[in-house]
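Working from the sequences, and respecting the hints, build out all of it.
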Amino acid sequence: MRALRAGMAELVDAPDSKSGDSDIMGVRFPLPAPMPHTEMSVDHPVRSIEIRIRELKQLFNSMDPTPFHHQDLDPAAEEFIVSWAREYPADSPLELVIHLERAPDAPDAGKMIAEAIHNYFIYRADMATRELREMMRRGRISLMIGLGFLAACLFAANAIGNFSSSTLAVIAKESLTIGGWVAMWGPMEIFLYDWWPLTARRRIMNKLGMAPVRLQPNPPARG
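Sequential numbering of the sequence shown, starting at 69, is according to the working numbering.
I should point out that these hints are in silico values taken from the structure, not numbers from a laboratory.
When the alpha-carbon atoms are kept at most 25 angstroms apart in a straight line, the in silico BS3-like pairs for lysine-lysine are as follows:
id, residue 1, residue 2
1, K275, K179
2, K125, K275
3, K179, K125
Here you go:
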């Protein structure tokens with residue numbers, strides 16, 4: 069497979085203007101166009117998403133008290149990874165390459181980091197699935213309510229039209245008809261538009277939850 073490399077982000081310390089705490093994480097985005105990395109195949113090139121950090125703890129949310137294997141990613145790192153994953157074709161496999169200035173002490177650090185990242189993105193995919201399921205349930209309930217309200221409005225409009233043809237009756241009839249169809253906009257919006265962004269997000273999270281993770285030690289140059 070041919071691997072293509074995304075522009076590389078560097079997570080850096082961004083001091084908090086209020087507290088002066090240097091543990092707050094920022095991110096720089098030098099994002100050149102994807103460039104050839106290694107040649108492996110032509111049909112489905114592997115797309116590499118690369119991040120440069122000083123040490124592994126920068127990759128995770130320092131405020132998360134959960135065990136390491138289930139910690140959340142740093143928001144800036146997650147935003148960078150997901151934004152690049154969205155840029156690539158849906159059928160292109162992904163890989164994450166983490167460049168480290170400080171080599172990890174644990175011999176199995178690569179496996180631990182891969183497991184933590186996979187756990188996080190699989191959890192986010194499960195969240196998207198639950199959110200989609202809840203949205204569709206709400207859409208079905210809204211559809212039943214909307215159909216009932218539309219039927220009542222059309223019935224009332226027809227009754228008013230049969231009862232009188234005055235200007236006031238015409239206004240009431242048209243208002244009921246319009247109001248009934250407006251009530252259908254909520255469920256129509258869910259079933260026509262709102263579901264597919266969640267489906268796309270779930271697909272990306274599932275891809276990232278299975279993407280190979282590679283640690284690449286890159287000690288800073290000594291001048």
